[in-house]
Each structure stands twice: as structure tokens, then as C-alpha cells.
Amino acid sequence: MQLTYLEAISDGLRCALREDDRVFLLGEDIGVMGGAFKVTAGLLDEFGPERVIDTPISEEMIVGGAVGAAIVGMRPICEMQFADFVACGFDQIVNVAGKLHYRLELAAPIVIRLPCGGGVSGGPYHSANPEAWFLHAPGLKVVAPSTAEDAKGLLLAALADPNPVIFMEHKGLYRRVRGEVPEGPYETPFEARTVRDGDDLVVITYGAMVHAAAAAIEQLDGASVRLLDLRSLEPLDEEAILAAARECSKVVIVDEANYTCAIGAQVSALIAERAFEDLDGPIIRVATPDVPIPFAPELERAVLPSVERIRAAITELLAY
Amino acid sequence: MQLTYLEAISDGLRCALREDDRVFLLGEDIGVMGGAFKVTAGLLDEFGPERVIDTPISEEMIVGGAVGAAIVGMRPICEMQFADFVACGFDQIVNVAGKLHYRLELAAPIVIRLPCGGGVSGGPYHSANPEAWFLHAPGLKVVAPSTAEDAKGLLLAALADPNPVIFMEHKGLYRRVRGEVPEGPYETPFEARTVRDGDDLVVITYGAMVHAAAAAIEQLDGASVRLLDLRSLEPLDEEAILAAARECSKVVIVDEANYTCAIGAQVSALIAERAFEDLDGPIIRVATPDVPIPFAPELERAVLPSVERIRAAITELLAY
Amino acid sequence: MSTLPTTGAAEGTREGPYLELPDRVSLYRFMALQRAVEERGLSLYKQGRVPGSYYDGRGQEATCVGATYALNAADTVCPLIRDMGAHLVRGTTPLAILAHYLGRAGGVGRGRDGNVHLGEASRGVVGMTSMLADMVVVAAGMALAFKLRGEPRCSLAFFGDGATSVGDWHEAVNFAAIERLPLILVLELNGYAYSTPSAAQFPVHPLARATAYGIHGEPVDGNDVEAVFEVTRQARERALAGEGPTLIAAKTMRMHGHGAHDDARYVPAELLAKWEARDPLARQRGRLVELGVDVAAIDAAVAEEVAAAAQAALAMPAPDAASATVGVYAASEPTPLGRGEAPWSGFCS
Amino acid sequence: MSTLPTTGAAEGTREGPYLELPDRVSLYRFMALQRAVEERGLSLYKQGRVPGSYYDGRGQEATCVGATYALNAADTVCPLIRDMGAHLVRGTTPLAILAHYLGRAGGVGRGRDGNVHLGEASRGVVGMTSMLADMVVVAAGMALAFKLRGEPRCSLAFFGDGATSVGDWHEAVNFAAIERLPLILVLELNGYAYSTPSAAQFPVHPLARATAYGIHGEPVDGNDVEAVFEVTRQARERALAGEGPTLIAAKTMRMHGHGAHDDARYVPAELLAKWEARDPLARQRGRLVELGVDVAAIDAAVAEEVAAAAQAALAMPAPDAASATVGVYAASEPTPLGRGEAPWSGFCS
Ligand SMILES: Cc1ncc(C[n+]2csc(CCOP(=O)(O)OP(=O)(O)O)c2C)c(N)n1
Ligand SMILES: Cc1ncc(C[n+]2csc(CCOP(=O)(O)OP(=O)(O)O)c2C)c(N)n1
Ligand SMILES: [Mg+2]
Ligand SMILES: [Mg+2]
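Protein chains in written order, with the numbering used here: chain A, 1 to 320; chain B, 1001 to 1320; chain C, 2001 to 2349; chain D, 3001 to 3349.
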């Protein structure tokens, strides 16, 4: 079936709620309202208020409550109304959920959905890409789909995973991206995907930047540029990254997240350590500078990695 | 005067409280108790309960309260009892303090002291090195002294800075490191420091790992190995890093923090992008793997970067 | 502490009835201004000229205007989503607000932040973050500074019923109660937090928490601007007398959806009808008409002012893209907020 | 929901006096065991054999033992710093605890966590994080699952007076109150949070918060193990009857410093003397002696058990360094905590 990215996530949630009675949803305004973005629209009607639970505005409680329910056998899916609010539930994620298995041999199979990303004039508090915080904290998995098919498949794989998984769903893709999505349950592996092949240079990215990078590559003529969509940031598909770097010898990495200590830095460092000999040029990063995401479109466009900036980086590196 | 690292911090606090009546301290058990590590011992007696304020166990309140006081003209210094608890005050740091100036042209000159680091059998909740979280969040400065002199000088410089500064003070250095510390107020610039010169290879690190790296270098014979102590992680002294990488052509980066998305990744990526042509080998990272810090000495030693691991990395790279 | 403000506080106490006719007119005018500015913003939003999303405080004007009007120039304010009237009382102009909505360089937020995220530091106002309850903590911190310096100032934070569920709210109120800080807490009990009814935010009327924290609690009709003024004025007196925080629970109703994107079909029509009849502007208009005030003239002046402001705002340039990365850090010694030099408050100036 | 436990709950209700003689003896024995284990741990610590820092619950044994004893096998417990007795009641052995202190592979924490950070999942116990109030939230989440599945189980969280200041505490209690979750909240009012006296944690007795959250509040002498048992038993009945959470405020005293490194000179000597006279073990011992129980024999048995456990613990190997990075992630479908198969609780087995 043809679904938008948003519909694919909704479909994944519906699938999960139908298939497994341990699954329930926990979040703010996810019931009658269907969530700020309507991702959970209709689910209250189908599954009732015991499986689609509207909470008070209490992010620590949402996350920690999910952990508690998970360790006694449930499979909660939490929604942060915007990814930005995850800072308010931070402690329960990094200190409770992330460390549980290592310390206590207790697993917390929870999924935390973070509607993330910029490009919608959300301003400093509704545009976050906070994945790096969770990549730096041990014990958490982090996935970030770029397509409708992967959105559903990664969500269901996240749910099947016995660990806490942060699910980065990009608001900017909700209605902009659409594609063929299999009916019923299926799982997308936590591995990178080659979006297009090529061997002069590889662009490594994930989430909404996959589309920006694809557009940038389209505009080049002649060059054989590979595009790698990481899909999963933790586990990080190091093999796929290193293989691409070795085969292409030139690497551009794109993050929508703020520059410093983003996953792009980690990917670059990985390549600089393990594929150094095969490199034919510097590893180039394109990222949002270390600035809160401004509201006005003119300013926001100036900070988010654009098709033009990505293209310029590719062109320059190809010429190196 | 000869002071321990801990005494140097105490002296810095005393200096600040004496010099500037806008300065006050905010934290848990910092009064009568003098803090969990006695860093603030004696300050309540000298300055009274209005300048050394014991708060309830409320980390968001400590940070956000400091921001509030700062924007009306005070100069608060917050203490987290252990760096680990900063996760409980996370939102106020990243969303209030960090974004204030960009959004509102309001400055929040606060200092947040984080007693950090492992090596003392603190276990998963008393060993954190969380600096990367704050490096990834815009608007915060982060410093991490390795010596007694820098501990006092960076503290006073942090206090003089009109921005929120995260001050990483390493518990393991408190009583282990001692040195000559100037009397009275002085400021250490937010710049890297060359601890020892060399041109075959440079080890880049900060905090407690400066001492581990120095010990590793001591054990080598013959090789000319430079040691760069970053001291400030934000601002990051990119010039000093790039100059060292270019001059030495081989780079080992050491983080005590967990591996993924640590500042070491950022430094590596910076070099891989901007000093690529001068590199004579892969950029090697030594870091704590992505694991909560275990309690038992046998386990903790196995995860923290040791003198041996650092030496092995240097030796291997020198031989490259 | 020589660098601290000494002006602007404590005076402004009058004998007898606090609100004289010009005040009562002002209160009405600020409410009318809020409604007109927000209506204009909404229509600009519907025309597609306002980026992002759009929120207003329709029906809640009395709470933010009445409470802010009771403050002194040197006091500080943390408005929230529904409190555009607070900015207006403090002197932020309709032009600056409309330009802010539009994301223009000359707007309050200089294009960096939009919709209800605004605040002019020079007027003692701290622009809200989105994270609800953040600002209650910041307000407590300001109050702490006032107490430590012995200044006759207080800080005031507005927040919704939903915000009371956030942990930060508790940490701030508990600390402020322990320290008996000069803090005024204005709870806007508007029945909903987004789509979530108040009953799903707290099982007991939150005024009961005042008792549990040992602070003064005060219910008030949040749609009566003069009543809100009066309880806030008293709260301020208590704050300055060292009696600690007051929790004012202003009963009101959010008459629009959470934002312009929200049709609020989850709100029963009868409830809206009931509250429509309690419109805060109508109530104050009634009082003024009885006193012989030419309210129509005020309305006309307000409409004209806002229309002109909208024109001027639309003519303003967008922010310069090159400025997008400037100013993440402060470069020099900051100017503390709200030095109390300017008599911007309608009442205690 | 076919995969869920069906055993172990609801039964265990007796007519008449709940505590029969064997129970009363058990309560004493668990308290004596806690004290003996913790004293042994302390002396090992002073000998330099326990890494890191060291904490005990001296003087507070009655609260954790009495409350945990009132739980059923299928219920879950989140102990905190002073609650070693809770682990013992659930069946964790002195050997496993002493080996845990020592950081041995065979200790509860397998060397990964130390001192009071422990909990055996198989016994329905969740080991505490350090971040105070974290576990109150987790306990609420477990209670939510029990309610959703209609299971006759409850969860119980212990916490100190200091922990009530953390925002998470408020978020958890508010949510549990709204949802009327089967949750028992045991507040250990021991006068201090580290060096900070209770009066600096809350301006009003925190039991007042029960009213503000609309939950049942119950003060109890935290040094009377039978009294604590009884209020917890009643709280459990309310929880299972759908009446929601109970906040039990157990008045007690921390008789040692916060940790072994803390000489607690900030605690007045008279206060300690007063509470020394109210020692919970002495109180229960008195009752048993009156009933003709040979308490000295129990004490001797406990001493012997703990001495043997210490010997055995010291003989255990350190964890294998190669295991340090193993198990950050779970590899397979987890076993839910506390399935209720084992009759570990002294009372409601
Ligand atoms: C910590 C946090 N979580 C979630 C949100 C998303 N959010 C924005 S407004 C809102 C409802 C606010 O309700 P209330 O506090 O009652 O204010 P009102 O809108 O009624 O004025 C929510 C959930 C937020 N802003 N902050
Ligand atoms: C969120 C958080 N902040 C700070 C600490 C450091 N800390 C450990 S125990 C303690 C005092 C605890 O007091 P209380 O809750 O009363 O428990 P008690 O020790 O009296 O049993 C503090 C401040 C912590 N564990 N968690
Ligand atoms: Mg509301
Ligand atoms: Mg206590």
C-alpha cells in the first residue's frame, strides 16, 4: 500500500497494538487528539483508553513509567510530543532505561518516539535532533528512518528489540515522503541501506538528510556518488560505513543535528581510524552549526544543511 | 602556594566570594557538610548561609534558579553533588541556560561544577564524564582542568565569562594532583596547553587522562611525543589541535568519556577534515567503551583508558 | 552591593481603593489590545504570512493583564502561552509583537523565536521556553536574588494547569516555599492542557498544594481583571513583606484551540458557550460604560493602533541570513534584566 | 493476556490478628539480619576490603522489614539506601549481599554495581539507581501494568525525605494518584538528607501532600516493625481494592552518617541519644522476650550465619575483567520481573 511516512508509523503502531496485547501507548494528548501530529489518530477509538494512555505533562514519568511497565512484561511505546521535550525525561532514559540490563540483568523493552527535526519554522524548541545525547549514553539503541517503509519496519523492529530504543521520526518527512509499505508486520534490520550506488564518493547520512543528499547527488552530472542511509545509529553499521569509505575513498557526512559531537563526528572518526589508508581526500562534514534552530525561514534555511551546501561539499571533494 | 587540585578549586571559590559580592554558591550539602568532597568546606563559616546555600535535592531548581539569579545580576556557582546527577538538571541547562542569549539577548553567567570521572569505584552512578552532552547543546561552554593551577584559573575564568560554563572537575584528581597555584585571582584562558613538546606524534586529551597520557609517554623511549591538554572543550582550540596534528602527523586522542560521540570523535573529525594532508597514519582513539562504569576495581580498570592502553596505541602508531 | 538598582520599588502604594478610573480604563485597554493583536496575528497566520504555528490567549486576557498590572517597574515577569497582555502591560508594542509573529528582524524575537516565545529583557520580561514549568524555576531564581540582596522586588510566573504536572514546577515551588521567596505564582486554570482536561492533570484542585507547600493560596475569578489585579497586589505585598510565595489560581477558560491548528472539538460546545458569556472584556466594558467611559472610542483607537502596527510589521525586512549564527554566546558583561528604571507598569509606576 | 502471571496474589489474607508468633519472630530476625549484615559490611569497609563508599540503614530496620513483610510474593519492591532489610525479606542472602559489597562476581551486582545498589529481579526487587526518586517513577510504572492487566499485585517504593524534593517524585505521585494505581509509597522520615535537615527539604510535613494529591496518607512509627507492617498491609488492601496509592510516612532516624565517610557531626548528640532509646530491634526484642521467645538464640544464629557468609564472600573470586563490556544490551526476550512463583515474603506467601 502507498502510505506517507506518518501513515506508515501509524500503521506500525496499529499493527503492534493488534498483534501483541502487551503493547500500549503512553504520551501527552495521544488519545482524543491523536497526538500533535495525528500519528496516533484513531487508535484510542480502536484500542481504548487503557492502551492509548494520555498522561499529565510529565516526561520523566512517561519514560520511567514505561520502564516500570516493561520490566513486568509490557511493551510500552512512549511519545514525546516533540523530540525537544526529551530533555525533560532525560534522567529516566540515560540513568534508568539505559543502564538497567548491564546492572541488573533486567531488560526494558520500550520504544520512545521522538518527532524531531527542523524545516518547519518550529524555532529553538520544536526542531531538535537530539540523537547524539543518546548515542553517547550506554545501553540505548537509536534508529532514524528516512522512508515510509523503513519507518514502519524500524518501529516494529524497535518494539521487538528487548532494549530501550529511541525512534527518531522526522516531522519534516511526515507528509512529504510517501512510498510503498508492506501490509502487516515486518521488521527492518538495524543496518545501513545503500540508497544509490556509486564509487567516486560516498555520502553518509540518515533521516531527512537522505532526501537532501539524494537531491544534491541528482544535480551532479557524471559523477558516480554513492548514498548510504544509516537507518540505525546505535547499533552503527560500522561494516557498511567502512566498506563504503574503502570503496569510494572519498566521504561526505551529513548531519541535520548540531555539529559538535554529532554522529557525523563519530562516523568520521571511525573512518579516520579504520579506513585511513583508503582515503583519497579529507572527510568532509556538513551539519547544522552549533546554534539553536531559529524560527524565521530565512534564518532556519541558513543553518540547516541545504541541498546546495551538500552539493558544494560533494563537488569540492570530487575535485580534490 | 602548593595546593591540591581540590584545594585550588576551594581557593578559587573563596577568591570569587571575596572579590565579588554577586557570587554565591548553590548546591546540596555544600554548607555545614562542605560538600560531598569538602570542596566548599569552610565557606559557610566565612560567607554565611546567604552566599553558601544548601538547597533541597532539586537539580533542575539548582540550575534554573541560578539562571534566574544570574539574569538579574548575580553570579551563581552551582554544584552537582556528582556529575552524574546533572542528568536530573538537564533541561534547565540545555533549554534554558544554553539558548538564552541567542533567543533573548539575555546572558546567564553561571558556573556549574561537575565532580566527574572514574577510578574510585563509584560505579554506574558516581563516575560520569558527561561533557559531550553539553558540547552537543549550543550555547554552553565546557572546561576541564587537569592541574591545580588550571583548576583555579579556569574556575575564575568561567566565572568571569558572561555565559553558562560547565566546569568538569575530576574527582580522581582532587587529592592526587598538587602543584604551585598563584595566590589571589587570575584567569586561565580557554585554550589548549602543550604539556610537553614533541614532533613524532601528538596525544590530545584533557582532564585526568592528561596524567595517564603523560605516564604513558614517560614509558616510551626515544620517541618525541607531544602532549596537548585541551583544557577547554568549548570553545575548542581548533588552531592548537590542527597545528599539533600538522606538525606531528600522527595523532592519538584519549577520552575518559564513553566512546561514541565523545569530544574525541569531534577532534578526530576536525583533523580528518582540516589536516588530512599532513597525516601520516590513522587517527587513533582510546576511550572508555560504551558501557556504564562498573563498580569493582577489576572491571573498572578494564574499561577506563589505562596507561598501558594509551602506550600501546602510541607505540603502534609510531610504528605505522 | 553598589551595582544594584535602588529605584522603582516599594513606592506606588496608594491609600484607599487602589484602582482609580484611569487604571480601570487601562486594564480594559490592555485587554482589548491583547485581543486585537492576537486576532490580527491569527488572520495573518491564516493568510499564510506567519511561519510555524500560532497560539493565542483568547478569553484569558483578564488574568495576564490584571496580574501584570499589579507589579512594580522593578519586578520581573515570566509570561506563558496565553499572556500576550503581560507583554503589552510591560510596554512591548503591538508592532514589536506582530513583527515577532512574522519573524521579522524588527520583531521582539528578531526572527530567532516566534509566536508566544518572546520577552523584552529591558522591560523585565523573560521570554518563555517551550518546556512547561521551566520558567517557574527561573522566576524562583530571580526572586532568590531579590531576597538575597534585600531588594523590594518580586517576580511573577504565569503557567497553565498542565504545567503543574511537570517535575520542575514542584522543585521550584518547594524551594520558593522553603526560602519564602518573593514569588507570585499565577496558575491559569483554563480547563485544558492541549486536549487533556484538567482532571487528568491533577486529582485534587491544585490550590490544595498551597497548603502542602505551606504557601498562601488564593482562588480568583480569572476573567475579572480587577479581581485578578487585587489578589496579585496583595500577593505582592506579602512577597515584599517576607511572607513568601502566593499561588493564585485564576479560573478561566481557553476559548480557542491550543493553537490555530487545533479545532478543539474535544471541548464541549456548552462549556464554551457558558464561558463566552463570561468574556473578560465584556465584563470590564460593562463596568466602564456604567462609569460613563466612552469604550467605543477606546476600541476604535485600539483597532487603529493594531491596524497600523500590522501594516508597519508587514513592511519590515526579514532577518539577514548572515545573522543566523551570530550571538549564540554573550560577548560582554550582560545587562541585568529589569533594572527598574522605566515606569512601564500601568499601576505601580 | 495469556503470558501473564496468574499465581501468587490476593490470597494470604488471614482472619483476626495478622501477625502470628512466627511472623513476629521473623520480623525480628530480618531486622537482626540486616543489622548484622550491615555491621559486617561496615567492618569489612573499614578494613579496606570494600571498594568505593559504604552506606547502611542502622536504626531504620523496622521500616523496610515491616513494610516488605506485608507484601505478597507477586508484588514488587524498589528499596532505597536504608533498606537492606527489604532485600533480606525477599530472600536475598547475606552471602549475596556481602559478596556484592565486596564487588565479587558472585555478589548480587556481579561487581557491576556496589553498596546499596542491588536488587534481584527474580525476587521482584528492582535495584535502585542513585538518582533519588527515579525508582518512585519506575514503581508507578509497574503498578500501572498491574492495573492495566487487572492483576491483584501492587508495587512498593521506599524513599527518603530528601527524595521528595526531586521533580520525579512529584510526577510519579501525581500520575499514580490520577490513575489510582496500586502503589505503596514509603517515606522514610529520618530527619536528614545527607547533612540537610528535613526542614530544608519541605516547609510542611510531607504527609500534607497526600491530601494535595488526593491519596491516602498514613503516619507511622517507623521504628515499630509491627506498626509499619500493619499500615503497609492496609495500604496493600487499598491498592488491590482500586483505591489508589498510599503515602506512608514512617518517622525514624538515621543513626549513622550518610555513609561511612560521614561522621555526621551536624546531628545533635541528644537527638541521637533520644533515638537510640527507640531502637527498633530492642523494641521488637522486648515484645518477643515477653512472649517467652529465646531471642538470644536468634541473635546467635544470625551472628553465625553472617560470619559464615562473610567468610564465604571473601573467598569468592573477583569478576573476570573480560566480562566488563558484556551485557550492556539484552540479547533476548527478557523474563519479566517478579512472576510470583516463589513464596519469598515472610507473610503473604
Ligand atoms: C515539558 C513539556 N511537555 C510538553 C509540552 C507540549 N505542550 C505545549 S502546550 C501543552 C499544554 C499546556 O497546557 P497548560 O499548561 O494547561 O497551558 P494552556 O495551554 O492551557 O495555557 C503541551 C502539552 C511542553 N510545552 N512542555
Ligand atoms: C537526584 C539526586 N541528587 C543528589 C543525590 C546525592 N545524594 C545521595 S543520598 C542524598 C541524601 C538522601 O536523603 P534522603 O532522601 O532523605 O534519604 P536518606 O539518606 O535520609 O535515607 C543525596 C543528596 C542523589 N542521590 N540523587
Ligand atoms: Mg491549561
Ligand atoms: Mg532522609
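To be clear, the hints were calculated from the coordinates, so they are not data collected in a lab. It cannot be assumed that every hint is accurate.
With a Cα cut of at most 27 Å, we get these calculated DSSO-like pairs of lysine-lysine [said to hold, decoys possible]:
| id | chain 1 | residue 1 | chain 2 | residue 2 |
| --- | --- | --- | --- | --- |
| 1 | D | K3046 | B | K1038 |
| 2 | C | K2274 | C | K2251 |
| 3 | C | K2046 | A | K38 |
| 4 | D | K3251 | D | K3274 |
On the chain D side, residues computed to face chain C include the following (Cβ under 8 Å) [as the list claims (entries may be wrong)]:
| id | residue |
| --- | --- |
| 5 | A3177 |
| 6 | S3198 |
| 7 | A3200 |
| 8 | F3202 |
| 9 | A3208 |
| 10 | Y3213 |
| 11 | A3330 |
| 12 | S3332 |
Predicted model only: the values in this text are computed from it and were never measured. Ideal Cβ placement from N, Cα and C applies to all residues, glycine included.
For each hint, the structure was consulted:
1. D:K3046 - B:K1038: 20 Å, holds
2. C:K2274 - C:K2251: 13 Å, holds
3. C:K2046 - A:K38: 20 Å, holds
4. D:K3251 - D:K3274: 13 Å, holds
5. A3177: Since chain C brings a Cβ to about 5 Å from D:A3177, closer than 8 Å, the hint holds.
6. S3198: Because about 11 Å separates D:S3198 from the closest Cβ in chain C, which is outside the 8 Å limit, the hint is violated.
7. A3200: Constraint on D:A3200 satisfied, holds at 6 Å.
8. F3202: Hint on D:F3202: holds, closest Cβ of chain C at ~6 Å, below 8 Å.
9. A3208: 4 Å, holds
10. Y3213: D:Y3213 check passes; min Cβ-Cβ to chain C is 6 Å, inside 8 Å.
11. A3330: 28 Å, violated
12. S3332: Result: violated, 34 Å to nearest chain C Cβ.
Hints 6, 11, 12, counting from the list given before, are not met by this structure.
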